[in-house]
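As given, the protein sequences belong to chains C and W, one line each in that order. Here the first sequence is numbered in this note's numbering, starting from 17 and rising by one per residue. Here the second sequence is numbered in this note's numbering, starting from 4 and rising by one per residue.
Since the hints were derived computationally from the structure, they do not count as laboratory data. Fair warning: there could be bad hints in the mix.
Result set (DSS-like, lysine-lysine): computed pairs, CA atoms no more than 30 Å apart in a straight line [stated by the list, open to error]:
(1) C:Lys115 <-> W:Lys114
(2) W:Lys74 <-> W:Lys60
(3) W:Lys20 <-> W:Lys66
(4) W:Lys60 <-> W:Lys20
(5) W:Lys6 <-> W:Lys62
(6) W:Lys110 <-> C:Lys27
(7) C:Lys115 <-> W:Lys58
(8) W:Lys62 <-> W:Lys74
(9) W:Lys20 <-> W:Lys58
(10) C:Lys115 <-> W:Lys60
(11) W:Lys6 <-> W:Lys58
(12) W:Lys74 <-> W:Lys6
(13) C:Lys115 <-> W:Lys74
(14) W:Lys60 <-> C:Lys73
(15) W:Lys62 <-> W:Lys20
(16) C:Lys73 <-> C:Lys27
(17) W:Lys6 <-> W:Lys66
(18) W:Lys20 <-> C:Lys115
(19) C:Lys115 <-> W:Lys6
(20) C:Lys115 <-> C:Lys73
(21) W:Lys110 <-> W:Lys60
(22) W:Lys74 <-> W:Lys20
(23) W:Lys114 <-> W:Lys66
(24) C:Lys73 <-> C:Lys33
(25) W:Lys62 <-> C:Lys115
(26) W:Lys110 <-> W:Lys74
(27) W:Lys58 <-> W:Lys110
Cβ pair distances, simulated, as ranges [to be verified]:
(28) C:Thr117 <-> W:Leu77: 29 to 39 Å
(29) C:Ser78 <-> W:Ser99: 21 to 31 Å
(30) C:Glu30 <-> W:Lys114: 35 to 45 Å
(31) W:Gly97 <-> C:Ser21: 40 to 50 Å
Bear in mind that the values here come from a model prediction, so they are computed numbers and not experimental data. Glycine included, C-beta positions come from ideal geometry on N, C-alpha and C.
Below, each chain spelled out in residue letters.
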Amino acid sequence: GAGVSQSPSNKVTEKGKDVELRCDPISGHTALYWYRQRLGQGLEFLIYFQGNSAPDKSGLPSDRFSAERTGESVSTLTIQRTQQEDSAVYLCASSFPDKETQYFGPGTRLLVL
Amino acid sequence: SQKIEQNSEALNIQEGKTATLTCNYTNYSPAYLQWYRQDPGRGPVFLLLIRENEKEKRKERLKVTFDTTLKQSLFHITASQPADSATYLCALDGGSNYQLIWGAGTKLIIKP
């Protein structure tokens, strides 16, 4: 079946602009994660969605970052007033509930000029 | 705070030899540890999971060990091939039922 998909694959924006990143999880996966990966660094947890439960937003670095999820499907990560330090790869992953293995999308490469 | 260390330098191995990657952690006792492979421009792909009560796990040419006393996991690829060249990430159980703590990864290069 189809894996996790993300769009756009690449995004170049100017400092101060807003960007919206999209993630389509694997069908049936109720858990969805967003991560940020800076060059040469590990994955940094941003936010976690599980079904209709309140999301865990503890990893969001500032109030410029927000995310939404429609039911158990598509999620969008929004970064407002982008800064150059926001430049990174943003990865989305999904999994079955209470399962440790995560399935990743290809990521969105964000460059803020 | 929890800390994970993977060798930041690339590991160069001759084809056919065994590649061994290390993941060390401190200030933590994870219930399990996972290894993922990440190719350039792609998301990580799950390879193996090993639990704290398991010493070793194998999958085809892959072997993972987990030493909770040393706080270390070793990841071995036997009979390595150029196609095994990638960055390998270790990730530890973050204490909740869903969070993982990630290492920065080690780049493995298999030379033909």
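Verification of the supplied hints:
For the hint linking lysine 115 of chain C to lysine 114 of chain W, the alpha-carbon distance of about 36 Å lies beyond 30 Å, and the restraint is violated. Under the criterion of a C-alpha separation no larger than 30 Å, the hint pairing lysine 74 of chain W with lysine 60 of chain W is consistent with the structure, at around 16 Å. Taken as a hint, the lysine 20 of chain W and lysine 66 of chain W pair is honoured in the structure, with Cα atoms around 14 Å apart against an allowance of 30 Å. Only pairs whose Cα atoms come within 30 Å are accepted, and lysine 60 of chain W paired with lysine 20 of chain W is accepted, the gap being roughly 20 Å.
Restraint check: the Cα-Cα separation between lysine 6 of chain W and lysine 62 of chain W comes to about 27 Å, which is no more than 30 Å; the hinted pair holds. Taking the CA atoms of lysine 110 of chain W and lysine 27 of chain C, the gap is about 26 Å. The hint holds against a cut of 30 Å. As the CA atoms of lysine 115 of chain C and lysine 58 of chain W are separated by approximately 21 Å, the hinted pair is consistent with the 30 Å bound. Of the pairs offered as hints, the one joining lysine 62 of chain W and lysine 74 of chain W holds, with about 22 Å between alpha carbons and a cut-off of 30 Å not exceeded.
Note on lysine 20 of chain W and lysine 58 of chain W: the hinted pairing holds, with a Cα-Cα distance of about 23 Å set against a maximum of 30 Å. In summary, the hint linking lysine 115 of chain C to lysine 60 of chain W is supported, as the alpha carbons are separated by about 18 Å, within the 30 Å threshold. For the given pair, lysine 6 of chain W sits about 21 Å from lysine 58 of chain W by alpha-carbon distance, which is consistent with the 30 Å threshold. Of the supplied pair hints, the one linking lysine 74 of chain W and lysine 6 of chain W holds, its CA atoms being roughly 11 Å apart against a limit of 30 Å.
Distance check on the hinted pair: lysine 115 of chain C and lysine 74 of chain W sit about 23 Å apart at the alpha-carbon level, within 30 Å; holds. Distance hint between lysine 60 of chain W and lysine 73 of chain C is unfulfilled; the C-alpha atoms sit about 34 Å from each other, more than 30 Å. Restraint check: the Cα-Cα separation between lysine 62 of chain W and lysine 20 of chain W comes to about 17 Å, which is no more than 30 Å; the hinted pair holds. Taking the CA atoms of lysine 73 of chain C and lysine 27 of chain C, the gap is about 23 Å. The hint holds against a cut of 30 Å.
Note on lysine 6 of chain W and lysine 66 of chain W: the hinted pairing holds, with a Cα-Cα distance of about 23 Å set against a maximum of 30 Å. Simply put, lysine 20 of chain W and lysine 115 of chain C have alpha-carbon atoms about 34 Å apart, too far for the 30 Å limit, and the pair is violated. At most 30 Å may separate the alpha-carbon atoms for a hinted pair to count; lysine 115 of chain C and lysine 6 of chain W meet this at roughly 23 Å. A hinted pair counts as satisfied when its Cα atoms are at most 30 Å apart, and lysine 115 of chain C with lysine 73 of chain C qualifies at roughly 20 Å.
Restraint check: the Cα-Cα separation between lysine 110 of chain W and lysine 60 of chain W comes to about 22 Å, which is no more than 30 Å; the hinted pair holds. The suggested pairing of lysine 74 of chain W with lysine 20 of chain W holds, with an alpha-carbon distance near 26 Å, which does not exceed 30 Å. With a C-alpha separation of about 20 Å, the suggested pair lysine 114 of chain W and lysine 66 of chain W falls inside the 30 Å cut-off, and the hint holds. The suggested pairing of lysine 73 of chain C with lysine 33 of chain C holds, with an alpha-carbon distance near 22 Å, which does not exceed 30 Å.
Taking the CA atoms of lysine 62 of chain W and lysine 115 of chain C, the gap is near 19 Å; set against the 30 Å cutoff, the hint holds. The straight-line distance between the Cα atoms of lysine 110 of chain W and lysine 74 of chain W is roughly 21 Å, inside the 30 Å bound, and the hint therefore holds. A distance of roughly 25 Å separates the Cα atoms of lysine 58 of chain W and lysine 110 of chain W; the hinted pair therefore holds under the 30 Å criterion. One distance hint, 29 to 39 Å for the beta-carbon pair threonine 117 of chain C and leucine 77 of chain W, is violated here, with the actual separation near 20 Å.
The supplied range of 21 to 31 Å is met by serine 78 of chain C and serine 99 of chain W, whose beta-carbon atoms lie about 22 Å from each other. With their beta carbons about 42 Å apart, glutamate 30 of chain C and lysine 114 of chain W fall inside the hinted range of 35 to 45 Å. Restraint check, glycine 97 of chain W to serine 21 of chain C: a C-beta distance of roughly 25 Å breaks the suggested window 40 to 50 Å.
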